[in-house]
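Given chain A, work out where chain B should sit, using these hints.
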Amino acid sequence: MNPITPIINGLKITLSHMFKKPITLQYPDERPKVASRFRGLHALNVSHNKAKCVACYLCPTVCPAKCITVEAAEDANHDKYAAKYEIDMLRCIFCGYCVEACPVDAVRMTTTFELANYRREDFVFGKERLLEKK
Amino acid sequence: MGIEILGLPMMYYIAMVAKVLVAFVFVLLTVAYATYAERKIIGHMQVRLGPMRVGWHGLLQPIADGVKLFFKEEIIPTSSSTFAFLVAPLIALIPAFITFAVIPFGGVIEVAGYPIPLQIASYIDTATGRVYDLNVGALYILAMSSLGVYGIVLAGWASNSKYSLMGGLRASAQMISYELSAGLAIVSVFMLSGTLSLNQIVNQQAGLWYVFKQPLAFFLFFICSLAEINRTPFDLPEAETELVSGFCTEYSSMKYAMFFMAEYANMVTVCALTATLFLGGWQGPLVGAFPLLGPVYFIAKVYALIFVCMWIRATLPRYRYDQLMHLGWKVLLPLSLVNIVITGVIGYFVK
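First to last, the sequence lines map onto chains A and B. Residue numbering for the first sequence follows the working numbering, starting at 1 and increasing by one per position. Residue numbering for the second sequence follows the working numbering, starting at 135 and increasing by one per position.
Bound-form chain B, shown alone:
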């Protein structure tokens, strides 16, 4: 490698841009087709067909939806706070996508003699072969995923509509209640791994996935994550039956689409994080011999979790507000605390 920029070989930059592009396009495509898959899966679970008319079995439906939303009229309520109203969808969308920067989606692959770790925010020392990534990756994800709610609260406030405001308020209350349990649930994973680097957490799951060591934490984290990203049965900020459309009542056109993209991107991120922390990330049989199997296993795990999200949506009705608070503070929070104590005690004696 001849050219070096800031002490790093040219290949590093090329690989970085390629990884960013691949991950971004992958998430975008997954988001688009998650909407299709959701309609299709829920349709079949209700013994219906789902989208059938646009393309073969409705396969072009996401594109048709996108084109339709793109050409819709942009309506900005005159009494709204215009700047906050316009910026809110972006604030919701950006954190949903940038969390993917630290999630490892594969091991180290070699392209043209240069090893590339399949994780966006990572760097491999070619001399020692060690992979360095963001050493507080999990904290970064928790921080970014809780930033997403600002977009929703801001949208609710800026719309100057009672339904939007209620939706925004619910979103903030829900986020505070469930972020806590989700954070505490993965503390037990960090107690086992001893690190916050997602790359090392995945490497430590080569033998046994953490879901077998921490089944309770897995369920707690998954449920809390569903609540954090406002998926059914915790979709109170959006509750069509009570709040029209919650925080996005006043939104139309692409801004509305952005909220939906954010919601589905959040779902992809949360499923990817759950797969990374509990289901061994890209680990799987034969992955040592064929590093390209890593992304395949990772995508399979993420898609399986996304399917579970949709399955839950097809099954469960929305929680009432008091039930949501009861579940968050009186059931999930004590359970995650107890889980930490048990993990600590067992860890102390086993070590």
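Isolated chain A, as found in the complex:
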């Protein structure tokens, strides 16, 4: 087969691409449109001014990366609640199994994807920081 035709075809393709609109997103200036079902940073759902979590331990059990730490306690009404709820974002694989496993719809995933930080400790999200994400 002659070696010229593929080169000509390649040149045609690159030339046609030059007149296409670039798909680059100028990231810090332009924000990407994140899908509503995107699995980003976790958030604890709130109901009646307190977290819905009942510390049933289903999410740390199902978590394949073992990144969730829950410690249960008893509140004034003798209800079980999560005294400690930590997610280590360095271990999390954002599979969303915790959300699926939750029987009381206490945990969800937000569209936040910018999780960079300066120190390793800052990647462990405690209860307060998870609740902040309304």
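Hints listed in this document are in silico derivations from the structure and should not be mistaken for laboratory results. Backbone N, C-alpha and C fix where the C-beta goes; we use that ideal spot for every residue, glycine too. It cannot be assumed that every hint is accurate.
Pulled from the structure, derived: some chain B residues nowhere near chain A, Cβ distances all over 12 Å [stated by the list, open to error]:
no., residue
1, G177
2, L224
3, V472
One side only, chain B facing chain A, incomplete, derived with CB under 8 Å [to be verified]:
no., residue
4, H178
5, M179
6, Q180
7, V181
8, R182
9, L183
10, M186
11, W445
12, A448
13, T449
Residues from chain A that face chain B, not an exhaustive set, calculated with beta carbons under 7 Å [to be verified]:
no., residue
14, N9
15, G10
16, L11
17, T14
18, M18
19, K20
20, P22
21, I23
22, T24
Leaving out everything else, chain B in the frame of chain A:
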């Protein structure tokens, strides 16, 4: 013209200095913005944006790059051969710029009553109006363009690094293989023109450009020139994927920038030479009536060819070493020889 120095009017010297300055600044600016244009064009061919952040659409990018490289640390490997290491970038850079001395970039323009031929190494006899330029201009260019490879080989050898050495060796082998075909390809042009003076070659293309009489020679010369100046798809001396950065692996700061300037200046020179030999140089419609159109046509042709170089770079992957040698010796060399024979036979019968 009152004052005369060595039998030439003062105006000659002023015009000469002005031409040198204009051509040098033009080549420097083109080199700087060729890097920008290359990144931009290749970016858009890959459906990307290219440089966007420095200035409007990244227009100040070459300046930012220059400033950055200028302030970088100069690293000279302790085991390198220091003198050769330092002198190699200069040897690569100087031939790239001095080839422009014989390329005519316009016809004869008149400034303050004194006619000036727009070619650096040229002289007009005001009495007869004849333009004299270097009568072996094409040979001078071939000689200078092959000098450039000494810088690369020297850089490879002096760096005392295996990658650099490989790059240098490849550059020399590639230069020998392709210089031959490039030289033979333009022999057919000289057979038509009967002269080596670039000025006369351009004048003879007033009617019909040589690219229409010698299409094969045009393609052969352009491809071989790409190989000679180490442009993709023939950038084996620099091959990032195999040789880190080839001959300039050990270079940093301005010395590295010099190699890049040499590479792009070579590209400008080769495109200017191709335009001169095959595309009629500064010839174009209405150039007789308005001599200032000459440089415009010339620059347009050179930039179009530079665009083609970048287009090829965006399209083709690098050749393998054996493919490069095969293409050079078994395809391009026989083709250029056949082209000479055909030109000779046709020329014999037509004349």
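How the hints compare with the structure:
Residue placement check: B:G177 does not keep its beta carbon more than 12 Å from all beta carbons of chain A (closest about 7 Å). Chain A leaves B:L224 outside its interface by the beta-carbon criterion, the shortest separation being 35 Å against a cut-off of 12 Å. With a closest Cβ-Cβ approach of about 17 Å to chain A, B:V472 is found to remain outside the 12 Å limit, as its non-interface label requires. Taken as an interface hint, B:H178 checks out: its beta carbon lies about 5 Å from the nearest beta carbon of chain A, inside 8 Å.
The beta carbon of B:M179 comes within 4 Å of a beta carbon in chain A, closer than 8 Å, and the hint placing it at the interface holds. Residue-level restraint check for B:Q180 holds (minimum Cβ-Cβ distance to chain A is 7 Å; threshold 8 Å). The beta carbon of B:V181 comes within 5 Å of a beta carbon in chain A, closer than 8 Å, and the hint placing it at the interface holds. Given the 8 Å rule on beta carbons, the hint for B:R182 holds: about 5 Å separates it from the nearest Cβ of chain A.
Interface hint status for B:L183: upheld, as the beta-carbon distance to the closest one in chain A is roughly 4 Å, under 8 Å. Interface hint status for B:M186: upheld, as the beta-carbon distance to the closest one in chain A is roughly 7 Å, under 8 Å. Interface hint status for B:W445: upheld, as the beta-carbon distance to the closest one in chain A is roughly 6 Å, under 8 Å. Hint on B:A448 holds. Least Cβ distance to chain A is approximately 5 Å, under the 8 Å limit.
Using the Cβ-Cβ criterion of 8 Å, the hint placing B:T449 at the interface with chain A is satisfied: the shortest such distance is roughly 5 Å. Annotation: interface hint on A:N9 violated; nearest CB of chain B at approximately 10 Å, more than 7 Å. Proximity of A:G10 to chain B holds as hinted, the smallest CB-CB distance being about 5 Å (cut-off 7 Å). Because the beta carbon of A:L11 sits about 5 Å from the nearest beta carbon in chain B, less than 7 Å, this interface hint is met.
For A:T14, the suggested interface contact is upheld, since its CB lies about 4 Å from the closest CB of chain B, less than 7 Å. Residue-level restraint check for A:M18 holds (minimum Cβ-Cβ distance to chain B is 5 Å; threshold 7 Å). Checking A:K20 against chain B: minimum C-beta separation of about 5 Å stays under 7 Å; hint holds. Hint status for A:P22 relative to chain B: holds, with the closest Cβ pair at about 5 Å, below 7 Å.
Because the beta carbon of A:I23 sits about 5 Å from the nearest beta carbon in chain B, less than 7 Å, this interface hint is met. Interface restraint check: A:T24 against chain B, minimum CB-CB distance 4 Å, threshold 7 Å, status holds.
Against the hints set out earlier in the document, violations occur for numbers 1 and 14.
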